[in-house]
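Colleague: Assemble chains B, C and D onto chain A, guided by the hints.
4 protein chains.
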Amino acid sequence: MRGFRTDLAMESISGGSGQVEGVRVRTHQVGSVRHTRIRIDRDRAAEMLGRRKGEYITVECGDLPHCDQRTRELITRLVAMGVRGMLPETGEVLVVGLGNRNVTADALGTRVVERMLVTRHLHQAMAQELKGRLRGVSAIAPGVLGLTGIETAELCRGLVQHVKPSAVIAIDALAAYESERICTTVQITNTGIQPGSGVGNHRLGLTEETLGVKVIAVGVPMVVYASTIAHDAMSRLVDSYGAFEPGQEEAADRLLKQVAEGFLGEMVVTPREIDEMVISVASLLSDGLNRALQPQLDTDTLHSYLHI
Amino acid sequence: MRGFRTDLAMESISGGSGQVEGVRVRTHQVGSVRHTRIRIDRDRAAEMLGRRKGEYITVECGDLPHCDQRTRELITRLVAMGVRGMLPETGEVLVVGLGNRNVTADALGTRVVERMLVTRHLHQAMAQELKGRLRGVSAIAPGVLGLTGIETAELCRGLVQHVKPSAVIAIDALAAYESERICTTVQITNTGIQPGSGVGNHRLGLTEETLGVKVIAVGVPMVVYASTIAHDAMSRLVDSYGAFEPGQEEAADRLLKQVAEGFLGEMVVTPREIDEMVISVASLLSDGLNRALQPQLDTDTLHSYLHI
Amino acid sequence: MRGFRTDLAMESISGGSGQVEGVRVRTHQVGSVRHTRIRIDRDRAAEMLGRRKGEYITVECGDLPHCDQRTRELITRLVAMGVRGMLPETGEVLVVGLGNRNVTADALGTRVVERMLVTRHLHQAMAQELKGRLRGVSAIAPGVLGLTGIETAELCRGLVQHVKPSAVIAIDALAAYESERICTTVQITNTGIQPGSGVGNHRLGLTEETLGVKVIAVGVPMVVYASTIAHDAMSRLVDSYGAFEPGQEEAADRLLKQVAEGFLGEMVVTPREIDEMVISVASLLSDGLNRALQPQLDTDTLHSYLHI
Amino acid sequence: MRGFRTDLAMESISGGSGQVEGVRVRTHQVGSVRHTRIRIDRDRAAEMLGRRKGEYITVECGDLPHCDQRTRELITRLVAMGVRGMLPETGEVLVVGLGNRNVTADALGTRVVERMLVTRHLHQAMAQELKGRLRGVSAIAPGVLGLTGIETAELCRGLVQHVKPSAVIAIDALAAYESERICTTVQITNTGIQPGSGVGNHRLGLTEETLGVKVIAVGVPMVVYASTIAHDAMSRLVDSYGAFEPGQEEAADRLLKQVAEGFLGEMVVTPREIDEMVISVASLLSDGLNRALQPQLDTDTLHSYLHI
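Protein chains in written order, with our numbering: chain A, 1056 to 1363; chain B, 1056 to 1363; chain C, 1056 to 1363; chain D, 1056 to 1363.
Quick caveat, the hints were computed from the structure, so don't treat them as lab data. Hints are not guaranteed to be accurate.
One copy or two, either will do: identical chains are not told apart, so a pair holds if it fits within one copy or between any two.
[Stated by the list, open to error] Calculated lysine to aspartate or glutamate pairs in the DMTMM-like style (CA-CA distance at most 25 angstroms, straight line):
#	residue 1	residue 2
1	K1219	E1144
2	K1108	D1098
3	K1186	E1206
4	K1186	D1123
5	K1108	E1263
Pulled out of the complex, with its shape left as it was, chain A reads as follows (with noise of 0.2 angstroms):
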C-alpha cells in the first residue's frame, strides 16, 4: 500500500517493513532535534528504496519555524556540520536555488540564495590573507523552465563550465508523505536532485554526472500531495478493517488508482502560514550555510556582512 511520492530518503526507507540489506541509519537525538545519517551502499537497496546511493543526513524538530533561539542555533550547527562534511576541502561553491519564486510553497531555493554571502566578485579586490579566509561563493536562482524556457540543469552546466566551482549545493522545497514533516525535516544529500523531485514535480536531475563537480543538495518539505493525502486515508482505512469480502478488495483497489491517477490533480497540502514559514526555513538554513562555506567567520560577522 506504500510507494507513494516522496523526496526523503527517510520515508522511503521507514515505510519499508524492516531493514534492507545495503542501508545504514544511525540516529542521535540531543534535545529537542534528532539527528539520522542514512548511507545506501548497495545497488540493490538503492534500487529498492528508488534512492540513489549514497548519504543522506535529516535533521527534525517538532516545528522548525517557530523554535526556540537554542533549537535554532542546534539545527542550524548540524546543517552547516552536515553540509560541511560534503564539501571539499577547498575550492569555491556555487550555490544554486531551484524552484519558483513566485509560488509560495516552492520558493524555498529562491529565498535561501537572497540570503548567501556571495563573496566570489570581491575576491580580486581582496587582500591575500583575506582571501585564505574567505571562500569564493556565488549564487543563482535561474527560475523554473516555464518561465525562462531554458532547463535549470542545462544552464547550471554552462555555468559550472564558466565558474568551476569545485561543488555545487541545491536548495530546493520538497514533497513529503506525512504531512508531519512539512517544515520539520531538514534532508542534506551528496547524491544531488533526483529527476522529477521537488515541489515544482517536473526537474531534471542535477548530479555529479550531469555537472561534472560533487552536488550536495538541501532541501525542506513544504508540501504533501494531496493524492497522497486521500490515499493515505483510504489506505489507514483499509487497514483498519482486517478480513476482506473479495468483492470489497476489488473496490479498494479500484479507488486507490483513481486517486493515484490524480483525481486530486496538481493540489498540494500545507499549512495554512505557509508564506511566513518559508521566510523563517529560508533564513534558517541559509545561516546553516553561510557557517558552512565560511567557518572562518563569526556569526555577528556573517550578519553584518548581510545586514541583516
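Modeller: Frame of chain A; chains B, C and D shown alone:
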C-alpha cells in the same frame, strides 16, 4: 457522511438528497458559465442547511484564472449584476477586504480592496454634475485579529458609524468541500459573512444585525481543508463497499471521527499556482465590483482612473 | 535662504543662527551614537520654528541599516527608553502605521506595524498573573486616503473611541532637509504628527487634541524632496559668491522661487537601496517599540512570540 | 556646463549646440506621442557624444504609466515595430532582464522578463505548423553582481553559447539627465548595453562584440542622479547671472566640481509613486516585446497564454 466544512450555499444544498422545502434554485447556463440563484426562505430550511436565510448567487466556470477574454467579460458582468441587484439604489458603499494579506490563500479580500476605485474623499471637491454620476466608495483591508488585536467586526462597526454607508460589501477567501471549486466559483450573497467562515476560519460574523446596514458578501473558494479531502476519500471507499460487516462499520466510524477531529490539523489543500490565481481572481472581482458601483463609467474610464 | 521642508525638529533649530529663547537642547554622545533631547517650551519659539511645543528626542548614527550588532542594540535601547519615557505608565496602547505600503519610501509605518507584538486580543484568555506583565497592544496600518477614501485621522478617532487606549504611537516615514539624514536619524516626539508632514505630504494631524489621548510619534527620514536638493545647491552657490550685483540677486531670487514652486514636482531623493533600508530600519524600530511596550519580556521571548 | 550622466542618446545630442556631423535625426509626432530615430554614423560623432555608433529610437509620451488606452496601444505598437525592425528575421531570441529585483527603481528588467511569453521549451512538443508561427523565446533575469558573484556579461556569454539565439534583447532601467524623462521615454537601440549605464551604474557592456550575436537594448529612465539635479540647479543659476566677477566664476567651478564628485553620493531622484510606475511600464514594454517576437499572435491569444 456529509457535514464537512464548506462556505458555499451551493454545496450545502447539493449534499442533501433531493429538494429541501423553503429553498428555491434557478440555474442558467450561458456558454461555459453557469449562473445559479438560491433563495432560502424558511427558517427550517436555513437551519437544516446551516446557512442564513437570504439570497445566494453563484457564478461558475471551469477555470476563472485562465478563461478567455470573452468568458472573463461575461463573468465580470454577471458579478456586477449580482452585486448591483443587492445594493441599495443610493448611498455610499464601504468595501471591506477580509483575511490576511501575508497568507497567499487568504489574501483575496486584501487584493480586491487594492484595486477598488475609491471616490469618497473626492466627493467634496467634485462638481455637482459628476457627483450625481460617481457613487461614494471607501475601502479598507484592516488585517486579521492576530495581527491587529482588534476584531474585524468591531472595527467595521466603528467605521460604519463614522462613514455612514448605505451598505457594506465584504470580500473573503472561502473554503469549499470539493477541490474542483477552488478558483472556479464566485458566491454573492445578501446574508453577510457567516461566523466561522473564510480561510482564516475564525471570523466573527459581519451581518446587517451586527453592522446596522446591509452586508453583501462576495467570495471565491481558495482552499479545501485537508481533513475534508481525507474524509471524502474514506467516504468514497465506504460507499463503494456496499454491505458491511458490523465490525467494519465501527472501524470506519472511528477513523472518520479521527479525521474530523483533525489529525491533519490546519492543513489546507490548494493548487500549486495559488499565488498567481489569487491575483487573477482579485482582478476579475474588482472589475465586477467597480462596475456594480459605478455603472455610469465605461471600462476604459474605470481603468484609466485606476491606472491599470 | 532656509525654510525648506523638513519633518525633523533638529533641522528646524539648526537652521537658525544661534540659540532661540524657549528651546532647550541637550546632547550626549555614546560611541558612534548621538542622543539629543530638544524641549520647546514657549509659544513664540514654537511659532518661530514652525513646530509644536513639547519634547523631541533624536537618536543619530552614521548608518542605521548597516551598523554593527552592538550599535544596533544601543540604538534599540535608546529608542525604547525614549518612547517609554513619554508613555503613560498603564493602559493599552494603539500603534498606528502611517503611509502607503505600496510606496517603498513611504512604507516604514506599515512595516513596523507588521512586526509589533500584538496582545490586546489575548488579554481575555490570559491568566491574571501574565496580564500584569503584558501590556495590551493593538496595531493597525489603515492605508492612505487615496486608497481608502477615509482620512487616517478620522479613522483613528473612531478606533480610539472604541479601543480606548491610554496612548497612540504613530509611526511615519519623514522628509529631511539634508540627504545625510536619510536612514540615520530616529525622531521621537510627544507632540504627535504635524499636519502636512511625512513622505506622503498630505497627512492630517494626529495629536492629543484631535484624538483625545497622548500621541507619541516615531519617525525616520526616508527622503529629501528634490526641490530641496536644487534649492540647497543654489543656496550654496549664492553663499559662496560673496557680494552681488543688483541684477544677479534678482535672478537668484527668481530661480529659487521657481524651484520652491516645484519645477521638480513631487520628485523625491532616496538612496538606491531604499528598499532594503526600509526593512532594516523597520526591524530596528519595532524592536525598540516592543521593548518599550513589554519591558518585562526579554529579547528572546519577544522574538519567539513574533516568530522572527 | 553639460556632460552629466544620461543613458539616453536623445539627451546626449540635445545637449550640444546645433547639429553634429554624422548624426541623423528624424522625428514624427502622432497625437501625444513623439517618435524619434537617431542614427550615429561616424566614429567622430560617436566619440563626441559618448555613444556607440548605431540606431537609437525613442518613443515619448507625457506620462507612460497613466496614459489612456489608445495612447498605450499606440506606444506598444511603436515599441513592437522598433524592436522588430532591429531583430533578425529568424532564429531564437534570448531576453535578458538586467538590474536588481529588490531595488524598485532598478527592477524594470526583472519585471519585464516575468511577463514574457517564453516558448523555447515548448518547441520540441509542438506541431510543425505551430512551430512556424511561434518564435523560440527564452528569458532570464540573472540578478546583479553583488547578489550572484557572477558578472551578468559573463553569465550571458555562457548562455548564448548554449542557447544559441540569433539575438539578445536586454531590458534595463536607465538614468536620465532631465527628471521629466522618468517614465516618459522608451529607448530602443541596436548598440547594446553601454558599460557603466543603468540605474545600478556598474554594468559591464552587453554588445555584439562581447556576446557574438546582435544585442538590442530596450530601456526607460527610472531615476535622475541627485548630483545631476544639484548640478543642473547651479547651472541654471550661473546661466541666469550673465556677466561674472572673476572670483565668482571660480567659486561656481569649485562647487560644481564638489557636486560632480558626489556630495550627494549614490542618491537618486524618483517620483514618489515609482513602485506602481515600474509595474505599469513593465507591462507596456512586455506587451510591445511579445508582439515584436510573436507577430502572428493577436493580443487576446497572447494574453490568454500569459494568463494576464
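Colleague: Now, for every hint given, state plainly whether the structure supports it.
Modeller: Okay, the hints, checked on the actual structure:
When the C-alpha separation of K1219 and E1144 is checked against a cutoff of 25 angstroms, the pair qualifies only within one copy, where the shortest distance is 15 angstroms, while the shortest distance between copies is 36 angstroms. Taking the shortest alpha-carbon separations for K1108 and D1098, only the intra-copy value of 7 angstroms comes in at or below 25 angstroms, while the best inter-copy value is 62 angstroms. In the homo-oligomer, the alpha carbons of K1186 and E1206 lie at most 25 angstroms apart only across protomers (19 angstroms), although the nearest pairing inside one protomer, at 34 angstroms, exceeds that limit. In this homomeric assembly, K1186 and D1123 come within 25 angstroms of each other (Cα to Cα) only across copies, at 22 angstroms, whereas the closest approach inside a single copy is 35 angstroms.
In this assembly of identical chains, the alpha carbons of K1108 and E1263 lie at most 25 angstroms apart only when taken from the same copy (12 angstroms versus 46 angstroms across copies).
Comparing the model with each earlier hint shows no violations; every hint is respected.
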